Amino acid sequence: MAMEGEEIVVIHSWSAPRSLSTSLMYSFAQRDDTEVLDEPLYANFLQVTGVERPYLDELLSKMDPDGNKVVKEVIFGPGEKKYRYCKHMAKQCLPNLTSDLMKKGKHFILIRNPLNILPSFDKVAPLSFLELGLAGLVSIYSELCELGNAPPIIDAEDLQNHPEAVLRGLCQDLSIPFQASMLKWEAGPKQFDGIWAPWWYGSVHKSTGFSKCRSYPLIFPSGLFDLLEQSMPFYNLLKRQTRKTTSLQPSLPLPGLPVPDNEKILVWVDDELLPRDSARVSVFDSVVQGGDAVWEGLRVYSRKIFKLDEHLDRLSDSAKALAFNNVPNREAIKEAIFKTLISNGMFDNAHIRLTLTRGKKVTSGMSPAFNLYGCTLIVLAEWKPPVYDNSGGIKLATATTRRNSPNSIDSKIHHNNLINNILAKIEGNLAKADDAIMLDQDGFVSETNATNIFLVKKGHIHTPHADYCLPGITRATVMNLVVKEKLVLHERRISLSEFHTADEVWTTGTMGELTPVVMIDGRLIGNGEVGPVTRRIQNAYKVLTAESGVPIPMNGESYYTSSTGAKNN
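The sequence shown begins at 60 in my numbering and counts up one residue at a time.
Calculated from the structure, these hints are not laboratory results. Quick caveat, the model's predicted, so the values are computed rather than measured. One or more hints might be untrue.
Cβ pair distances, simulated, as ranges [what the hints assert, rightly or not]:
1) Ala428 - Asp376: 16 to 26 Å
2) Met291 - Leu206: 44 to 54 Å
3) Leu206 - Ala428: 47 to 57 Å
4) Pro137 - His264: 27 to 37 Å
5) Glu132 - Pro154: 18 to 28 Å
6) Asp232 - Glu117: 32 to 42 Å
Cβ coordinates follow ideal geometry from the N, Cα and C atoms, glycine included.
Please work from the sequences and hints to get the whole structure.
Laid out in structure tokens, this is it:
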């Protein structure tokens, strides 16, 4: 009971229709320290908006339509119990109401998937985006966050399937004690029901507690599909903020990111920039249907994209080899890359995963004849330092998985179907190595699962032919540097034992740059330390990346088309 002179604590529940809001009100009504109010702002909503209801006249005659008066005298008025639970619909939070409504009391939000709301929505009110109320809930959530009072959010499906766990968690978030009485109530109408109860509360009047969700959903009416599409982004935004209750279905812990700043990045998908968690492709996209896409990895150094044109040449060649149609032109791809980098403020120490898929299909299936929408372009830029230890070196293990032969899949096509490499990487992981060496069908070294590979023997540098591996752009860059440094370079077939007995070994790739290898299959390479030739080429590579590349335009500039800095006019 509230002590004399003690102000009652108001608990505001914000929800949309058909979201178990009445069941939750009945739950709180079972507490011995709580009184409940059923939509005290309903009359104000009808008076202000002019929305029609079959019970309109009766409601306006029995409820005060003066919203601010209701807030002051009813919602925050004196009471006999410690807590007052107010059930609100989001649409009833109108601009004419005093700011005290949001500033005072404890707030929480109840959501439900519109996929489960729409098929069962009663005919009392015509279906509309406003009636669903999800945009209003997002607005309420944002306003409360701005006030420094981010509200807990619970999902109706969680409440149905795990009522005690969810209610305990909600009570904890509201800083009130949980009472077991909240789990059950008597069937039938309640004296605190709103006068609209005969139109809306038929099902809940038959209930005595929270019942589990039905095993299978209702058939979704096709006529409501547009409304579903409008509503889902708002539901998903709120769903991501729901309380994670340990008593619910087991779930994986939320992993930390290697670079925390990448949590809030913008990703280019198709023709727009999207926040990380909203960046998705269609389930009908060819990259989902069959790994049918091509890609490039690029690096950004000192506001320049290194070897951009060379990478775009290879992307174009790969797309042509796979007979892609309606490929974006080079200028459009560059613009997408520049816009992504500039929007994220990524001008150095960033890596770009550039992907071009065959595009979305009209129906699932293998045939490219189903791809009638054009290609999908993805620009994923992340803050990413080199992924290997380029100072101390890495360890490699040889995989039993052989590199694809041109007889099956030509590795010169830089495609997304990387299962061959992934299987080798699994072997490397199991061997506690940083990466895995892959052999060709004749047993000669091809590359690693992710990089090209070089060895040094008696001052000469050797690298495998690119017959079975991707002729990497970083590989070609390093080969040119070797020649410029007046070192002897051999491109030939190389056996595994030659790598085991090499003086030095390194790998090359855009993501890792030039990485020393200090052990292969348990054998030390040289003396187990980074060798002088490796350091020499690393330094030359560092100088090159600092000096060359396609500049990222400043605002107002057009893009650059060459590493010489000449603009395209």
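Results of checking the hints against the structure:
no. : hint                        : verdict
1   : Ala428 - Asp376: 16 to 26 Å : 23 Å, holds
2   : Met291 - Leu206: 44 to 54 Å : 27 Å, violated
3   : Leu206 - Ala428: 47 to 57 Å : 55 Å, holds
4   : Pro137 - His264: 27 to 37 Å : 30 Å, holds
5   : Glu132 - Pro154: 18 to 28 Å : 20 Å, holds
6   : Asp232 - Glu117: 32 to 42 Å : 37 Å, holds
The earlier numbered hint that this structure contradicts is number 2, and it is the only one.
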